[in-house]
Amino acid sequence: MKAFLLYRDRDFDVQQQLPFNEGDLSQDLELGTLFQAMAGEDRFLFDVAKKALFLAFSSDPDTIRYRQDILKDCLNNPSVARELYDLAVQSIENEKKVYFGIFRDHPSTILHRSLDVMQMFVGALKRLRAIAVEQEAKFGSEGMTRLFAMLRRELNERYFAEIQDHLRRLKFREGLLISAELDKGNKGTNYILRKPPQKEQRWLKRIFARKKPFYTLFISERDESGSKALSEIKDKGINLAANALAQSNDHIVSFFSMLRVELAFYIGCLNLHERLKQRGGPICFPAALAPGAGGIAFKGLYDACLALSVDHGVVGNDMNADHKDLVVITGANQGGKSTFLRSIGLAQLLMQCGMFVPAEYYRAGVCGGLFTHFKREEDAAMNSGKLEEELKRMSEIVDRLKADSLLLLNESFAATNEREGSEIAHQIISALLEKRVKIFYVTHLYEFAHGFYEGQKEQAVFLRAERQANGERTFKILEGPPLDTSFGEDLYRRIFPNGGSAFP
Amino acid sequence: MAFFSILYPKCESRAETESSEQPAFFKDLNLDQIVAAVTAGRQEYRLQPFFHVSLKDIDAIHYRQEIMRDLQDNVLLGHIQSFARTMRAMREHLAQAAKLYYERQKKAWFVNAMELYCDAVQSLARDLRLVELKSRGLLASRDYVNDYIRTERFTALLSGIRSLRAELSSIKFCLLIRDNSITVRSYESETDYSVEVAETFAKFRQGAVKDYTVKFLSWPEMNHVEAGILDLVAKLHPEVFAHLDEFCSRHTDYLDETIEVFDREVQFYAAYLEFIQRLKEAGLKFCYPEICADRKDIYSLEGFDLALASKLVQENSAVVCNDFYLKDKERIFIVSGPNQGGKTTFARAFGQMHYLASVGCPVPGAKARLFLFDGLFTHFEQEEDIARLRGKLQDDLLRMYDILKRCTPNSIIIINEIFSSTTLKDAIFLSRKIMEKILQLDALCVCVTFIVELAALSEKTVSMVSSVAPDNPTLRTYKISRKPADGLAYAVAIAEKYRLTFRQLRERLKP
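Chain order of the listed sequences is A and B. First residue of the first sequence: 1, per my numbering; consecutive thereafter. First residue of the second sequence: 1, per my numbering; consecutive thereafter.
If we strip away everything but chain A, and leave its shape as in the complex, we get:
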């Protein structure tokens, strides 16, 4: 039995290695804010959200739609989703509470505990089935429909009766039947628990009534070592049965755990949805295209993390970069370029893991990897110069880049003079474009941007942070050719009100 709520045909692998640039992505896209919104104080929700987001690059458009449908179901029936989740959490917690006892290395102890645990699980499984039967009609997604149908089919009355029968037999009220052989030293070995041949009670009597010979040995009540020896034979006999039951419990725990993990993702989505709704920004389910099937296009896209952390509305941007692999963003300082870049990365992540996107409309091809190369603080260890550090990081990224990866560059290669920086940038960008890497590049390297604009305009989209004539920023990113100033002067004037003349 599998929940299969994140993939149509497989479990969500929580052990999977996160991408090497997990730290960079978190920092550059400010994902902490997002995870926080999805999880609240719940560590578990936090971890699952993080895993799901970072592992989003393995999913295809089909998986994305599969999750979108389930998420829509959950948004329509939040209380049912939360009840299922709570049931999974509760069952896992309850299992931990069942006392193991001191002699946990005796099969009889293991069996005894396993019987208690299984009895508890039977209750939880019955409840699970009941939810499925009651709520099934309200769900339309393939994933939820399949889950409910499976629960109804597998956890039927006959099955529960079968479990009860085992739980009763394993108490051995009628005695134990164990087969054995002789080892090479004539010692009993290979003790195997046998099912008594008759299906109901009284099998004991029938054994004794038969013609075939049997002999009986009695252990005296005062014979302590004899009783111990007898217990050991019994223990050897029930060893495998105790193991089977204990492992079954573990499998049920695993089932609930997987159900919990996979539901946790949707619970996180529900939480985020509530938070974003409160902010009043638009939310949509994006259209995910196969890689290379079309460029990126959006309307009213905003940075969800920014929206979650400020108390005013945030600006949305529009763009259509069909058949363009490079987007060059230039323009005013503090004009919203970094925010824009973040909103792209974040939207792509959210889309790829099957979530809604903070926009009125979002459409993009699925990409095989997301990489950020943002300007960093000076290397604390002083091991390498800044440009060297940047290039080293770039090289690590290049090691892992594939066609259809998405690369977000924020003022990269600016740690040298403009001419050199531009040359480096030009060479790197040109090479990556040949490999069909999707690039968003925020840059002040005018020579680079201008050169590209003059020479390879048809490959790229050029955007500019808007600056009104009075120097005010609107935080709107609009199409426009690169300018040879980033209006640093404006910023300077704002920070030094008298043009610096206030200084003696």
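It cannot be assumed that every hint is accurate.
[Claimed, not checked] Keeping only pairs whose Cα atoms sit at most 30 Å apart, straight-line, the calculated DSSO-like set for lysine-lysine is:
1. 126(A) with 203(B)
2. 236(A) with 106(B)
3. 195(A) with 215(B)
4. 329(B) with 236(A)
5. 106(B) with 171(A)
6. 210(B) with 236(A)
7. 172(B) with 195(A)
8. 405(B) with 479(B)
9. 210(B) with 228(A)
10. 236(A) with 203(B)
11. 184(A) with 2(A)
12. 236(A) with 215(B)
13. 210(B) with 126(A)
14. 195(A) with 203(B)
15. 97(A) with 106(B)
16. 329(B) with 479(B)
17. 171(A) with 460(B)
18. 171(A) with 203(B)
19. 460(B) with 184(A)
20. 367(B) with 236(A)
21. 296(B) with 106(B)
22. 228(A) with 235(B)
23. 97(A) with 367(B)
24. 483(B) with 50(A)
25. 405(B) with 184(A)
26. 96(A) with 479(B)
27. 479(B) with 51(A)
Derived by calculation from the structure, the hints in this document are not laboratory data. Because the structure is a prediction, the values reported are computed rather than measured.
Using the hints provided, position chain B relative to the given structure of chain A.
Same frame as chain A, now just chain B:
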């Protein structure tokens, strides 16, 4: 079938070996260390006595050398070792059988021992057929084993074990345990209930989970409940257990003496070959020496002290090899030179090589011709023994006298630094006297001494000198070579190091 020994072409020589003591010179030559290292881990075979008796006839030495050569084939040696392992397992089973309390268990272990024995013998017969043998000893072993496995005694044992084993292993029974009673009856194909339980819950299977099966400690003994159950099982199968009883009492002395002796004696070769293998891997050479009884122009190329080499190889240090030869009338090596330069080691190596050759073993070195001695005598410096109530010089002389009294022209004498406890003048006088006796005898001798005068005593003496590296005199080379003993080389080298030679001093003192 005729008994034979893998150690002696004539098996009457075996008897005296068992009671032999460690020869007197073992300690001086560090042969005790070598034998201890060779036989380590093989205590059960009591191999030491075989190393304590040197052979007096060349054919007996050749008999062993041939076998050693055959066994240098790793495939064959592997077969012999696998035979030894099975025989060892058999002995362990017998020992266990003796320790057990319940009769039906004892017998089972006894049958197991017999089964191992049959297996060992049959495998040995098969394995020996598959290899090429040249030695008289191993060819005879092959014939013996081949004949033996066809004897009625062996075939009856084998078939008896097979049928008994089949009967016992087919027994399968059921225990019905209720309160404090155990009922035993035959197994009647009841289904495995654990499997059924696992099947019920199979639908929840999610991947690997913890294994909850408890590992029970197991030991051969059984408790009285198990014994009681076994008795009831015996009641269910009376004919099988009657067969067991009858078989065991019929075959109490199943072991063949020649096979048993072979198992022990062949370990003499295995032990030595295994020991030198480690040294060979470190690049040291071993050879089968030519043994001569009627000439004394012996030689050895790249020989070394086996006891020292064994230690050095363990420490990954280099081993220095030395050559020696005697020609024409030469009989005596006078070894002199700086201390710690390898003189004693050279003397020991000389003694070890001759001794090891005399028990039929390959000896250190690339090539050698060695003398078949009738006696080997050593005179090494000894700690003063208060209990003897006599002075050291006197003690030295008494020991020397004893040696000279017993030795013949065909003996080997090794003398290490005697008369060091008297004045030089006395020492020279006494040494001359002793050497004259040995020269008269015409015996082979190695004499380590600081008295360089001895080196040129006669045409029968050869001077060997230990040396140091010229550019760094504190570094010993441990090379011992034939050259006149002038007692100077070392002093000059040290002077050079401190730039105090004549030339150096002149140079330094130039205005």
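Results for each hint:
| no. | hint | verdict |
| --- | --- | --- |
| 1 | 126(A) with 203(B) | 15 Å, holds |
| 2 | 236(A) with 106(B) | 24 Å, holds |
| 3 | 195(A) with 215(B) | 23 Å, holds |
| 4 | 329(B) with 236(A) | 82 Å, violated |
| 5 | 106(B) with 171(A) | 38 Å, violated |
| 6 | 210(B) with 236(A) | 18 Å, holds |
| 7 | 172(B) with 195(A) | 16 Å, holds |
| 8 | 405(B) with 479(B) | 34 Å, violated |
| 9 | 210(B) with 228(A) | 27 Å, holds |
| 10 | 236(A) with 203(B) | 26 Å, holds |
| 11 | 184(A) with 2(A) | 45 Å, violated |
| 12 | 236(A) with 215(B) | 9 Å, holds |
| 13 | 210(B) with 126(A) | 26 Å, holds |
| 14 | 195(A) with 203(B) | 21 Å, holds |
| 15 | 97(A) with 106(B) | 49 Å, violated |
| 16 | 329(B) with 479(B) | 24 Å, holds |
| 17 | 171(A) with 460(B) | 97 Å, violated |
| 18 | 171(A) with 203(B) | 23 Å, holds |
| 19 | 460(B) with 184(A) | 71 Å, violated |
| 20 | 367(B) with 236(A) | 65 Å, violated |
| 21 | 296(B) with 106(B) | 61 Å, violated |
| 22 | 228(A) with 235(B) | 24 Å, holds |
| 23 | 97(A) with 367(B) | 79 Å, violated |
| 24 | 483(B) with 50(A) | 84 Å, violated |
| 25 | 405(B) with 184(A) | 64 Å, violated |
| 26 | 96(A) with 479(B) | 75 Å, violated |
| 27 | 479(B) with 51(A) | 71 Å, violated |
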